[in-house]
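Input sequences plus hints: build the corresponding full structure.
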Amino acid sequence: MCGIVGFLDKGGNRQAPVGQVLLNMLTALGRRGPDSAGVALYGDPGDGLLVLRVKLGQQGLAEVQGAQVTERVKDLASVVKVSLQGEYLCLVVDYQGDATRLESVIEAAGEDIEVVSMGRRLEVVKQVGSPENLELTYGISASVGTHGIGHTRMSTESRVDLSHSQPFWAHGLPDLAVVHNGHITNYHKLRRRYEQRGHHFYTENDSEIIGLYLAEQMTHGASFTAALQSSLRDFDGAFSYLAATADSLGFVKDPFGFKPLVVAETAAYVALATEEIALQTALGGDFPVWEPGVKQVQTWQVER
Amino acid sequence: MVRQVECTGKTTREINQEIRRLIGDGEQEIVVLRPQARHNLGVAVLQPVKLVFEGSVGYYCAGMADGPSVEIRGSAGWGVAEGMMSGTVIIEQNAGNSAAASIRGGTVVVRGSASARAGIAMKGGTLIIQGNCGYMTGFMMQKGTIIVCGDAGEALGDSMYEGRIFVGGSIAEFGNDAVIQELTPEDREFLTSTLTQYGITSARPFQKVVAGRRLWRFDKKEFATWREAL
Numbered sequence: 001m002c003g004i005v006g007f008l009d010k011g012g013n014r015q016a017p018v019g020q021v022l023l024n025m026l027t028a029l030g031r032r033g034p035d036s037a038g039v040a041l042y043g044d045p046g047d048g049l050l051v052l053r054v055k056l057g058q059q060g061l062a063e064v065q066g067a068q069v070t071e072r073v074k075d076l077a078s079v080v081k082v083s084l085q086g087e088y089l090c091l092v093v094d095y096q097g098d099a100t101r102l103e104s105v106i107e108a109a110g111e112d113i114e115v116v117s118m119g120r121r122l123e124v125v126k127q128v129g130s131p132e133n134l135e136l137t138y139g140i141s142a143s144v145g146t147h148g149i150g151h152t153r154m155s156t157e158s159r160v161d162l163s164h165s166q167p168f169w170a171h172g173l174p175d176l177a178v179v180h181n182g183h184i185t186n187y188h189k190l191r192r193r194y195e196q197r198g199h200h201f202y203t204e205n206d207s208e209i210i211g212l213y214l215a216e217q218m219t220h221g222a223s224f225t226a227a228l229q230s231s232l233r234d235f236d237g238a239f240s241y242l243a244a245t246a247d248s249l250g251f252v253k254d255p256f257g258f259k260p261l262v263v264a265e266t267a268a269y270v271a272l273a274t275e276e277i278a279l280q281t282a283l284g285g286d287f288p289v290w291e292p293g294v295k296q297v298q299t300w301q302v303e304r
Numbered sequence: 305m306v307r308q309v310e311c312t313g314k315t316t317r318e319i320n321q322e323i324r325r326l327i328g329d330g331e332q333e334i335v336v337l338r339p340q341a342r343h344n345l346g347v348a349v350l351q352p353v354k355l356v357f358e359g360s361v362g363y364y365c366a367g368m369a370d371g372p373s374v375e376i377r378g379s380a381g382w383g384v385a386e387g388m389m390s391g392t393v394i395i396e397q398n399a400g401n402s403a404a405a406s407i408r409g410g411t412v413v414v415r416g417s418a419s420a421r422a423g424i425a426m427k428g429g430t431l432i433i434q435g436n437c438g439y440m441t442g443f444m445m446q447k448g449t450i451i452v453c454g455d456a457g458e459a460l461g462d463s464m465y466e467g468r469i470f471v472g473g474s475i476a477e478f479g480n481d482a483v484i485q486e487l488t489p490e491d492r493e494f495l496t497s498t499l500t501q502y503g504i505t506s507a508r509p510f511q512k513v514v515a516g517r518r519l520w521r522f523d524k525k526e527f528a529t530w531r532e533a534l
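Just so you know, the sequences run in chain order E and W. Counting with the numbering used here, you get residues 1 to 304 for the letters of the first sequence. Counting with the numbering used here, you get residues 305 to 534 for the letters of the second sequence.
What the hints contain is simulated information worked out from the structure, not anything from laboratory work. Take these hints with a grain of salt, some might be off.
Said to hold, decoys possible - Coverage of chain W stretches by chain E, computed from C-beta distances (three or more under 8 Å per stretch; other residues unrestricted):
no. : stretch
1   : 340-353
2   : 512-526
Unchecked claim - Facing chain W, according to a computed beta carbon distance under 8 Å, are these residues of chain E, among others:
no. : residue
3   : Val262
4   : Glu275
5   : Ile277
6   : Gln280
7   : Thr281
8   : Pro288
9   : Glu291
10  : Gly293
11  : Val297
Note that the Cβ used here is the ideal one computed from N, Cα and C, for glycine as well.
Set out below in structure tokens:
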């Protein structure tokens, strides 16, 4: 099972109630995945600034760990804002350098410290539990932005913890995030290939490889749409997944139509969800809803 | 008199029990308000009542129906009218995967388009899709008729045993052992009368797709086809 959702305000309104819409959609799909819930929100933290959300480890006090990570970041970037939010350290920094370098400096601070998201627009908020609990802990409904994606998880093949929940930020490429419903059946084979090339995996969740794959394609010059297209050739299995960048949202449906996904598009927005119940609950109205066909890929861009 | 069932604040079971109770009371027309694309609404209705859903429905709506006349004023999720024995189910907009799966009788009309595997394992009845149909429509159908007024997706009629599929638009790809056959005068008559009954006037000439029957028996000379089909 698992439930995935996405929303994009086509007009590029940076104050669109993305957090509230995603929360309502996820709540409607909650029974599809009671293990964990999460959202990737594309807001407007400030011109050119980079937002980092860092999962702090279980080794010691959050305050102490947070301070240690912040000190490390200060060696590379000027820190504009620091806050502790639940299990996360949230940093807003002025940094123009290499994302991977910044990430590895942070993660060297402790064994289970992980940069959950990094981006000029992106913030990933996820945890174990229901969408309602995600709201109670982080108040995601207050978040505004242009677009976002979300996930409720029913784990079928890997453990249930914050790191294994979705969305997954594509480590290495700021702002790229993915939510996935299904199973990438050639995951182990692909993973071995990536590991031989030096890529690090944070989880044993097959969905993690989607972001890694897209990031590699896009780093080598593929457009967002082209990267999604080529994934159909390289992934086996039953899957519907959504991916988002700083200004785009897209979906991919597997070659057999094994996993559901419906789309509602109006002049103002596009909304995607595993089931229409999410669209009706969050956006209720008289919009046409359609289920994409097999091997279908489509992307939308926020107007600038 | 038309009786209304409000969905807001009720569980699916409560909604279905209320529909059942009204039918038991002898009501002839029931309107279900704000279905909000919830699953399993109006399943196993075995009486010839009129049941209207004022909005979209989720999975398996009107499944196992035997006799009712159902209208869905919105779209439908997976498996609409699955296993229907008799009656009519009309979906005003699009239908998700496996519309009219395994129906044995009755008629399902999708005014919009249907997604993958519409009419899978049909054992009778008629499925009319006014728009386009998706991948593997009519997969392993055994009896009955599918009419697609628009275009058909890939693997049309794959491994069908029997039955017939009429397509007004283009066919992206034939499934294993699905072949074109000439329309008989009875076919043309059936198409005209059936479509007219549901207010569909399609000017396009239909093609007819049936089983080539090569998969009925195993023939090792046709091993390649078998391997593909399985």
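Next on the checklist: Does Val262(E) hold up as a contact with chain W if the rule is Cβ-Cβ below 8 Å?
Outcome noted: At about 7 Å, which falls below the 8 Å cut-off, the nearest Cβ of chain W leaves the hint on Val262(E) intact, so it holds.
Checklist entry - Taking 8 Å as the limit, does the beta-carbon of Gln280(E) come near enough to a beta-carbon in chain W? => result holds (4 Å)
Item to check | Minimum beta-carbon distance criterion (8 Å), Val297(E) to chain W | outcome: violated (15 Å)
Next on the checklist: Less than 8 Å between beta-carbons is the criterion; does Glu291(E) satisfy it with respect to chain W?
Outcome noted: holds (4 Å)
Checklist entry - Was the hint right that Glu275(E) lines chain W, CB cutoff 8 Å? => result Because about 6 Å separates Glu275(E) from the closest Cβ in chain W, which is inside the 8 Å limit, the hint holds.
Item to check | Thr281(E) as chain W interface residue, shortest Cβ-Cβ below 8 Å | outcome: Nearest chain W Cβ about 6 Å off; hint holds.
Checklist entry - Can the stretch 340-353 of chain W be counted as covered by chain E under the rule of three residues or more with Cβ-Cβ separation shorter than 8 Å? => result Result for this restraint: holds, n = 4.
Item to check | Per-stretch coverage check for the stretch 512-526 of chain W, three Cβ contacts closer than 8 Å to chain E | outcome: Not satisfied, violated; 0 residues make the cut.
Item to check | Hint check: 8 Å Cβ-Cβ cutoff, Ile277(E) to chain W | outcome: Result: holds, 4 Å to nearest chain W Cβ.
Next on the checklist: Would the hint on Pro288(E) be counted as holding, given a Cβ-Cβ threshold of 8 Å to chain W?
Outcome noted: Since chain W brings a Cβ to about 6 Å from Pro288(E), closer than 8 Å, the hint holds.
Item to check | Hint status (Cβ of Gly293(E) to nearest Cβ of chain W, threshold 8 Å) | outcome: holds (5 Å)
In the structure shown, a violation is registered for the earlier hints numbered 2 and 11, in ascending order.
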